[in-house]
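*Asks:* Residues per chain, in single letters:
There are 2 protein chains.
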Amino acid sequence: MKAWLSRLNADLSFVPGSPEELALYDLSRALPDVSFKTEIVQDLGEGYRIRREADGSFCISGGPTGILYGAYALIRLAFAGEELPESLSSSPRYSLRMLNCWDNADGSVERGYSGRSLFFENGRLQYDPGRMRELGRLMASVGLNVLCINNVNVHFPAQLLLEDSLGDAASLADLFRPFGVRLMFSIDFSQPMLHQIPTADPLDPAVQAWWKETAASVYRSIPDLAGFLVKADSEGRPGPFTYGRNHADGANMLAEAVRPYGGFIVWRCFVYNCRQDWRDTKTDRPMSAWDHYASLDGLFADNVILQIKHGPFDFQVREPLSPLLLGMKKTNLAMELQLAQEYTGHQIDLYTMMPMWQELFEELPENNIMSLAAVSNLGRDGNYTGHPLAAVNFFTYGLLAWDPKTDPAAAVSQWIRLTWSFPREEEQKLSALLLSSRRIYEKYTAPLGIGWMVNPHDHYGPNPSGYEYDVWGTYHKANRDAVGIDRTAGGTGFILQYPDSLQKKYEDPETCPDLYLLFYHRLPYTFRMKDGRTLIQRIYDDHFEGYADTLAMSEIIRSLPFPEPDRSVIVSRMEMQLHNAKEWCDIINTFFRRLSGADDLHGRIIYD
Amino acid sequence: MKAWLSRLNADLSFVPGSPEELALYDLSRALPDVSFKTEIVQDLGEGYRIRREADGSFCISGGPTGILYGAYALIRLAFAGEELPESLSSSPRYSLRMLNCWDNADGSVERGYSGRSLFFENGRLQYDPGRMRELGRLMASVGLNVLCINNVNVHFPAQLLLEDSLGDAASLADLFRPFGVRLMFSIDFSQPMLHQIPTADPLDPAVQAWWKETAASVYRSIPDLAGFLVKADSEGRPGPFTYGRNHADGANMLAEAVRPYGGFIVWRCFVYNCRQDWRDTKTDRPMSAWDHYASLDGLFADNVILQIKHGPFDFQVREPLSPLLLGMKKTNLAMELQLAQEYTGHQIDLYTMMPMWQELFEELPENNIMSLAAVSNLGRDGNYTGHPLAAVNFFTYGLLAWDPKTDPAAAVSQWIRLTWSFPREEEQKLSALLLSSRRIYEKYTAPLGIGWMVNPHDHYGPNPSGYEYDVWGTYHKANRDAVGIDRTAGGTGFILQYPDSLQKKYEDPETCPDLYLLFYHRLPYTFRMKDGRTLIQRIYDDHFEGYADTLAMSEIIRSLPFPEPDRSVIVSRMEMQLHNAKEWCDIINTFFRRLSGADDLHGRIIYD
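In order, the protein sequences belong to chains A and B.
Residues in the first sequence are numbered from 1 upward in steps of one, following this note's numbering.
Residues in the second sequence are numbered from 1 upward in steps of one, following this note's numbering.
Keep in mind that a hint or two might mislead.
Same chains, same label: a pair holds when it works inside one copy or across any pair of copies.
[Stated by the list, open to error] 27 Å max Cα-Cα, derived DSS-like pairs, lysine-lysine:
| # | residue 1 | residue 2 |
| --- | --- | --- |
| 1 | Lys-582 | Lys-282 |
| 2 | Lys-582 | Lys-477 |
| 3 | Lys-505 | Lys-329 |
| 4 | Lys-429 | Lys-504 |
| 5 | Lys-504 | Lys-2 |
Source of the hints: derived by calculation from the structure; they are not laboratory data.
Let the hints inform the model, and build the full structure from the sequences given.
*Replies:* This is how it looks when you write it as structure tokens:
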């Protein structure tokens with residue numbers, strides 16, 4: 001990421017006064033041999049229209065940020081070695097293209113694998129302005145326009161962003177404004193209680209008044225704040241349930257407070273029983289978001305957005321689309337992705353997400369949602385993403401949020417070209433490798449949609465029963481005969497939360513796509529897959545293949561001409577991935593062989 | 001513990017000048033109606049002789065600390081409500097009766113369940129002198145005479161005890177001297193390398209010189225320091241292996257440095273491969289101490305003591321005696337116990353250790369060892385042990401180290417009487433409960449000597465496969481048919497490290513005592529126990545019984561007249577133990593039922 005940013009050749013101490021000024025500045029430094037002029041057309045908003053004039057110069061029309069996005073579109077093309085086109089126009093599919101940072105005020109980053117926070121240290125905002133302008137470019141160059149800087153788990157003193165630290169936050173908002181980036185803050189639903197108000201009940205007048213006053217004060221300092229992000233009644237966070245209110249009550253109260261300023265309340269739907277008894281087979285965690293929210297459809301204010309994780313669990317390698325994304329037609333929805341590789345290799349293992357995102361949009365009609373959000377994978381590491389190749393997820397996420405029809409292969413190739421100048425053959429090798437990396441990771445980890453066989457808390461590395469007797473509602477219940485949870489109508493009934501077409505697609509194990517088989521079904525190890533293999537043999541095969549594929553990836557990685565310092569990091573992390581893949585492969589196979597007693601048909605080693 | 005200390009009625013600001021002065025002071029406050037005189041008889045050393053004179057007064061003869069131990073013996077009898085005898089004499093079985101504190105310089109305590117360190121805070125010695133004098137009485141009153149104040153894992157800056165903090169350490173040694181307590185320090189084998197010496201090789205002259213000079217400096221400040229405690233080449237600690245030397249080389253080099261001052265090197269034998277590959281079935285961790293040390297028998301200097309954990313693993317609920325304790329006849333040995341309830345309930349669950357210790361001495365000839373050591377269970381909590389009933393382990397350990405023939409029931413009863421004045425019936429109930437508590441804990445945790453089914457790192461609560469695919473060498477390899485590691489001659493051969501008589505006792509699963517069955521043998525679930533039950537049924541039965549017994553204990557606990565503040569702590573921890581016992585019972589039974597497919601013969605609920 002750093003590599004292609006440096007090609008912009010920008011002086012990071014330069015303070016742009018507006019997106020237009022920034023556009024012209026970056027164009028002049030990045031493409032000094034080409035002339036550009038700009039034309040503000042307010043109606044175009046964030047969209048742009050570019051045409052080549054007779055004199056060879058380019059005219060970029062657009063709203064103020066539209067011009068900026070047009071400029072970066074040209075720069076991306078040019079840096080990728082493509083001919084600049086005669087004309088080019090585009091506008092974003094979603095108006096809010098959000099990055100959620102899980103940064104704590106103490107400078108740590110929850111699920112951060114790229115160093116400490118870019119924004120915080122010692123309980124307060126503390127940042128390098130030059131890096132902020134680099135981050136602004138990172139976001140603007142791929143069209144991201146909302147930056148939530150603090151963790152959805154609001155640990156004290158992060159609350160002070162709305163209070164004592166508001167001045168500092170306003171300075172940061174000023175810094176990002178020319179980049180078309182609006183700030184957002186995660187808030188603590190119980191924050192009024194830090195001010196002698198004995199309740200956080202959303203229907204309590206004192207609470208409502210406190211939020212109105214606070215919103216007024218915040219918006220005086222940051223008039224274009226995108227709004228507040230809220231994680232309520234989830235994993236120990238306070239929320240409306242404490243007071244017998246529902247989440248529409250909670251969200252609408254806050255929405256009322258920010259409405260005068262055009263602000264949004266982004267309300268996360270990550271609510272489930274995180275103190276579940278493992279003995280309780282009635283409760284099925286994937287059903288919880290629907291159970292909590294579906295009946296509230298139509299009750300949310302028009303400046304509330306429900307932010308829904310893409311799957312019904314929590315960013316597992318393979319989950320079906322969250323049914324809530326299909327079922328709330330009268331509510332503003334955002335889909336939440338996770339760039340941070342929490343369950344997907346900690347930015348050690350290669351895991352390019354674009355193919356996964358494409359699969360989501362195969363079932364999700366584009367207009368079911370009005371926004372995309374992604375948990376950031378950025379941190380204070382020199383290269384921003386810890387692993388240089390993890391940057392592809394940041395880049396392609398931006399393109400996806402602009403246009404969910406973005407072709408994964410084209411987006412990945414563009415990123416490679418922007419980042420390194422590889423010969424075409426090497427570029428294609430790397431592109432193919434990146435595009436295959438998710439499936440490879442999937443093969444050597446938990447089988448066929450079952451998820452959760454990771455080390456608890458840390459979420460790196462295999463632990464087949466790490467969550468099996470825990471409180472998190474994530475069980476596989478593997479025994480000597482069978483594995484998985486029956487989520488069909490005859491089981492927990494989760495599948496009934498889907499439209500008929502999807503129920504039909506998944507409800508019959510004979511026709512359910514293999515990769516989702518153990519998400520929806522409990523099956524004996526002797527179950528015959530569509531290709532004739534038994535389930536247990538398929539599990540073994542996938543794991544041996546996953547490790548073999550990783551070995552092959554490591555050969556390719558070593559052969560590619562990455563420059564330093566990237567090369568050392570990439571090669572050493574590949575070694576770690578190889579070790580991890582071997583552990584996963586052997587441990588999962590041993591786990592299932594101990595249970596099933598089945599030998600591998602091909603006589604490969606499965607340890608006792 | 002606090003309760004009976006307070007009956008001593010001592011002014012903690014009183015600074016005794018000698019053990020004799022302390023003895024007379026404490027006798028005068030504790031037993032004001034009786035007259036005492038003392039008579040130093042150097043030959044008696046730590047022993048004492050007491051006789052009642054014609055005038056009803058008592059004369060206590062002994063070496064300086066012998067007089068002190070005699071005084072406390074009388075006070076214990078009196079506080080326990082017994083007649084003071086006409087005469088009484090005793091001397092300790094072992095000359096070094098050691099308490100090992102795993103306290104870190106930052107004030108944390110490794111495996112501490114009683115609050116922060118009594119000695120350290122903020123990287124330096126920092127203590128309450130009054131509490132130190134209370135601790136001195138705690139130790140002296142049960143005959144303990146060596147206090148190692150810092151963790152065997154020496155984290156910086158604990159090394160400074162030998163350097164910058166030596167003056168403070170000397171003051172602490174002065175404080176403890178009248179209590180007959182000599183300090184000991186855990187040292188970092190690589191400490192010379194903090195001083196521009198490029199190696200810690202024990203055969204390097206510069207290293208030898210550094211330790212000699214350092215020992216000279218330390219002994220100038222603390223002439224009666226008991227010596228140094230060393231954990232070398234273990235779990236990441238540096239040691240002689242780095243330099244191709246053996247542990248006799250390492251220990252003898254240090255022994256030479258402290259020899260002029262009468263100091264000891266206590267060298268821990270807790271050495272094993274803590275990066276084991278779980279696939280490796282050749283390596284069997286319990287064999288490692290023998291493999292490292294047995295061949296060195298006779299090579300250690302006479303002021304070296306090898307400190308050997310009582311079992312070959314690491315303080316599990318049920319382990320056989322470490323074979324090393326039986327096999328090194330030409331070496332000074334100490335047996336290491338652990339009062340801190342690391343694997344035995346974290347001072348939440350009741351676990352009285354005396355019955356376990358008695359079992360150890362059934363196989364260990366008293367004169368095989370010359371010392372006992374125990375990892376401390378003390379901390380800064382008001383009652384010192386977190387759980388008021390955990391104090392029984394500290395108390396009885398002292399009596400055991402003085403006389404390994406101490407009767408467990410008598411020792412436990414004496415502790416109860418010293419601590420609370422219960423009616424005889426309640427006292428007997430509590431005594432029976434405490435004496436049964438270890439077997440109850442054993443029943444609901446890992447079955448029949450298998451150990452290690454705990455949550456990793458934390459070591460509280462069940463996790464049947466938590467260590468199964470990890471690097472620690474602690475595997476059960478349970479599969480659908482069988483469980484356990486074969487450690488007989490036909491298996492790993494561990495059993496061959498024992499004398500013939502013990503080999504015979506354990507080698508045949510048909511005659512091996514049930515409680516050690518899965519320590520030595522890998523057996524099918526269908527194995528018939530001596531009483532006719534199958535192995536799997538025995539596992540189920542033990543777990544259901546363990547929980548039922550805990551329920552019964554909780555009824556008794558609630559019925560007993562504990563005074564506050566003890567009562568609240570005891571009752572609330574009993575609730576936690578009940579929850580823990582239920583989790584263990586259900587999870588272990590479910591784990592084995594998933595594997596074996598066997599139903600409980602009595603139709604009790606085993607969850608799916």
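*Asks:* Next step is simple, just say for each hint if it's right about the structure.
*Replies:* Each hint, compared with the structure:
{"no.": "1", "hint": "Lys-582 - Lys-282", "result": "between (36 Å within a copy, 20 Å between copies)"}
{"no.": "2", "hint": "Lys-582 - Lys-477", "result": "both (24 Å within a copy, 19 Å between copies)"}
{"no.": "3", "hint": "Lys-505 - Lys-329", "result": "within (22 Å within a copy, 73 Å between copies)"}
{"no.": "4", "hint": "Lys-429 - Lys-504", "result": "neither (38 Å within a copy, 64 Å between copies)"}
{"no.": "5", "hint": "Lys-504 - Lys-2", "result": "neither (46 Å within a copy, 69 Å between copies)"}
This entry does not satisfy hints 4 and 5, going by the numbered hints stated previously.
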